[in-house]
Amino acid sequence: MGRAGHIWWQAIWRKPKLANAHLVIRQIYQLGVLSVVITVMSGFAIGAVLALQGYNQLVKYGSESSLGLGVALVLVMEIGPVVSALLFAGRAGSSLTAEIGLMKATEQLSSMEMIGVDPLQRIVAPRLWAGFISMPILGLMFSVVGIWGASLVGVDWLGVHEGAFWSIMQEGVDFKNHVLKGIVKTIAFGLVITWIAVFQGYDAMPTSEGISSATTKTVVYSSVSVLILDFFLTLVMFNF
Amino acid sequence: MTENSIILEEVVFRRSQRRIFNGVSLVIPKGKIVAIMGPSGTGKTTLLRLIAGQLRPDSGSVQVNGFEIPDLSRNELFEVRKSMGMLFQTGALFTDLSVFENVAFPLRIHSDLPEDMLRDLVLIKLQSVGLRGASELYPSELSGGMARRVALARAIALDPGIIMYDEPFAGLDPIALGVIVELIKSLNAIYGMTSIIVSHDINETASIADYIYLLSDGRVIGSGSPGALFKQDSPRIQQFIKGLPDGPVAFHYPAADYEDELMQSLAPNHWFTF
Amino acid sequence: MQMRSIEIIVGAFMLAGIISLAVLAIRVSGFNVGAETNTYSLYARFDNIGGLVRRSKVSIGGVVIGRVAEIRLDQDTYTALVRMEIDRDVQTISTDSTATILTDGLLGGKYIGISIGAEEAFLVNGDEITDTQSAIVLEELIGRFLLKKF
Chain Y
9 MGRAGHIWWQ AIWRKPKLAN AHLVIRQIYQ LGVLSVVITV MSGFAIGAVL ALQGYNQLVK
69 YGSESSLGLG VALVLVMEIG PVVSALLFAG RAGSSLTAEI GLMKATEQLS SMEMIGVDPL
129 QRIVAPRLWA GFISMPILGL MFSVVGIWGA SLVGVDWLGV HEGAFWSIMQ EGVDFKNHVL
189 KGIVKTIAFG LVITWIAVFQ GYDAMPTSEG ISSATTKTVV YSSVSVLILD FFLTLVMFNF
Chain U
3 MTENSIILEE VVFRRSQRRI FNGVSLVIPK GKIVAIMGPS GTGKTTLLRL IAGQLRPDSG
63 SVQVNGFEIP DLSRNELFEV RKSMGMLFQT GALFTDLSVF ENVAFPLRIH SDLPEDMLRD
123 LVLIKLQSVG LRGASELYPS ELSGGMARRV ALARAIALDP GIIMYDEPFA GLDPIALGVI
183 VELIKSLNAI YGMTSIIVSH DINETASIAD YIYLLSDGRV IGSGSPGALF KQDSPRIQQF
243 IKGLPDGPVA FHYPAADYED ELMQSLAPNH WFTF
Chain H
3 MQMRSIEIIV GAFMLAGIIS LAVLAIRVSG FNVGAETNTY SLYARFDNIG GLVRRSKVSI
63 GGVVIGRVAE IRLDQDTYTA LVRMEIDRDV QTISTDSTAT ILTDGLLGGK YIGISIGAEE
123 AFLVNGDEIT DTQSAIVLEE LIGRFLLKKF
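Protein chains in written order, with my numbering: chain Y, 9 to 248; chain U, 3 to 276; chain H, 3 to 152.
In case anyone wonders, no lab produced these hints; they're calculated from the structure. Note that beta-carbon positions come from the ideal geometry of N, C-alpha and C, so glycine has one too. A portion of the hints provided could be inaccurate.
[Said to hold, decoys possible] Only pairs whose alpha carbons sit at most 27 angstroms apart, straight line, appear in this in silico BS3-like list of lysine-lysine: (1) K244(U) with K187(U); (2) K189(Y) with K112(H); (3) K32(U) with K233(U); (4) K112(H) with K184(Y); (5) K32(U) with K84(U); (6) K233(U) with K187(U); (7) K187(U) with K84(U); (8) K244(U) with K233(U); (9) K112(H) with K68(Y).
[Claimed, not checked] Have a look at the derived ranges for each label pair, beta carbon to beta carbon: (10) A257(U) with M213(Y): 25 to 33 angstroms; (11) A53(Y) with Q19(U): 50 to 58 angstroms; (12) R76(U) with T215(Y): 27 to 35 angstroms; (13) L42(Y) with K187(U): 44 to 52 angstroms; (14) E143(U) with V228(Y): 30 to 38 angstroms; (15) S61(U) with T242(Y): 52 to 60 angstroms; (16) E122(H) with V244(Y): 51 to 59 angstroms; (17) T97(H) with Q61(Y): 46 to 54 angstroms; (18) T215(Y) with Q266(U): 29 to 37 angstroms.
[Unchecked claim] Among the chain U residues that face chain Y by a calculated CB cut under 10 angstroms, a handful are: (19) F80; (20) R83; (21) F90; (22) A94; (23) A153; (24) R156; (25) A157.
So here's chain Y without its partners, still in its complex pose (with noise of 0.2 angstroms):
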């Protein structure tokens, strides 16, 4: 722990120069973008199958007007931005522990040493600031597609009324406590999983099983945490 707070701090300590923006950018390409075709087809399965099992639900009480509101929030505060970070866990940490882990092992980060460059502000900190502008994007855009997919579902299938449907969502859905507090989520989510996922690279021994455990080790600590963390913030959050 207390070596990975120290990577932590002296990445964040050094920023990464203005210059090295290029790298951010790169990097943001490689976490994020390269996350959206799993984050958007989950989104709209998710939000299509709450639709499916909320109306099923509502209707026996005549309520399925508010199923859009249900979704929602469901969406918006909880599974957006758990599922999009576990995702992104899955995909964008293990890819990034690999890379990491390889480059520690055929002595790239040594060499960039020798030649004078810090790797941490070089490797490590444009990945950082990736994960952790990436991850809100992709569990906003997790939350809008399945609430597209509930709409599409809930108002075009089972025949919910259009204007109900978006109106009771809108009198329900609250930016500020709501919206805002789930992108805080997945700020929070971004940090923690690139931090481990940098960590478990750097720290891996040099060897194929090494690197492999490592990347397993990725997405099964990010995971936990994300799913711990998540309670954690539920509660201060919205319960006090």
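Since chain Y is already given, all that's left is putting chains U and H on it; use the hints.
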């Protein structure tokens, strides 16, 4: 008297309880090719890292060009590293950059050259290792020998006064081997680069080194020009130089008495036949 | 060049993020920018507010004209004091208007419905609607039902 580029005095370095270096002293004269050799695991690569300032000794002095390396600040170390080039065992090219960009990397970091001057410099360096035509390829498309040559071009990009080779001969076919040997010789002859070779390849190294240090168990156990070293009496030195399978470095891993161990598996039967 | 196309794609990515945020803000949460400043406050007291909460609707004839801003217990009279934020362009709420707590649909949330009275004088910022009707609580309804033996 030729001045000394690098001086190590009584360097002690520990890693998790083990004393990797227990009072190592050596000097590397300017402009010479000096080899550091020894059995695997003696920490030869660690020595290079100590010289480069990537690691700090627990005690002792590491001087490069008059600078006491462990005492330097980050910025000062940055400056000193401009005059040191290192060729890693695996080449360690940056896999996401092309050959051209790899060689250009140190130049971009340490200097503000305009793009066209940079381009010329890179091409010159690549030409000197014979790979100018490969400038657009990526490391994954290169053979081992070619990758090592590109890494060499990168190591000399800033025209360093000192260049360190970490196992440069390992795993190369005879032709590639010949190429590397030639390059090391000519870099030293033409540019006067002080060259340190870490290797356990006796024949190749002896053919080009001016001076050899033999390391074992954390100390220097022998030194001298290749010819002088071959004649030295010590059994350890002789075993290493001649490549003898048994000697001070034992063939057998420590084990129980041979007869006893075999007897153990025979013992049960032995009882019954009584 | 490769870097160029990456920059463009990343730019698109970030734009998509901002658009998502906007969509969530407007379409999903009905965010009304600037609504906060164009309102004035009206008060109403109720014996029982039922499930009325902050941000519940305040409407006239079904049209939303404001929101519940604050709900407090008046410790002297033990009634609920509700402060409503009403849109400034709705100036014509007469002084004898009624405020009733109604239910939206069968399981919907509670809201305040205002019926305009006949007086010519209008309520201004800080005034109180005196004629109020509390929420219908299910238990009371059942109680009344049983007592009247319908």
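Evaluation of the provided hints:
1. K244(U) with K187(U): Roughly 24 angstroms separates the two Cα atoms, so the pair holds.
2. K189(Y) with K112(H): 25 angstroms, holds
3. K32(U) with K233(U): 26 angstroms, holds
4. K112(H) with K184(Y): Cα-Cα ~21 angstroms, so holds.
5. K32(U) with K84(U): OK: K32(U) and K84(U) at ~17 angstroms, within 27 angstroms.
6. K233(U) with K187(U): It holds: about 24 angstroms lies between the C-alpha atoms, which stays within 27 angstroms.
7. K187(U) with K84(U): 22 angstroms, holds
8. K244(U) with K233(U): 11 angstroms, holds
9. K112(H) with K68(Y): Status holds; Cα separation ~21 angstroms.
10. A257(U) with M213(Y): 25 to 33 angstroms: Distance hint for A257(U), M213(Y) holds at roughly 28 angstroms.
11. A53(Y) with Q19(U): 50 to 58 angstroms: Given about 54 angstroms between the Cβ atoms, the range holds.
12. R76(U) with T215(Y): 27 to 35 angstroms: 31 angstroms, holds
13. L42(Y) with K187(U): 44 to 52 angstroms: 47 angstroms, holds
14. E143(U) with V228(Y): 30 to 38 angstroms: 35 angstroms, holds
15. S61(U) with T242(Y): 52 to 60 angstroms: 54 angstroms, holds
16. E122(H) with V244(Y): 51 to 59 angstroms: 52 angstroms, holds
17. T97(H) with Q61(Y): 46 to 54 angstroms: 50 angstroms, holds
18. T215(Y) with Q266(U): 29 to 37 angstroms: Holds - the Cβ-Cβ distance for T215(Y) and Q266(U), about 35 angstroms, lies within 29 to 37 angstroms.
19. F80: With Cβ-Cβ at 5 angstroms, under 10 angstroms, it holds.
20. R83: For R83(U), the interface hint holds, since the closest Cβ of chain Y sits about 4 angstroms away, which is under 10 angstroms.
21. F90: 5 angstroms, holds
22. A94: 4 angstroms, holds
23. A153: 8 angstroms, holds
24. R156: 8 angstroms, holds
25. A157: Hint on A157(U): holds, closest Cβ of chain Y at ~8 angstroms, below 10 angstroms.
Going through the hint list in order, the structure satisfies each hint without exception.
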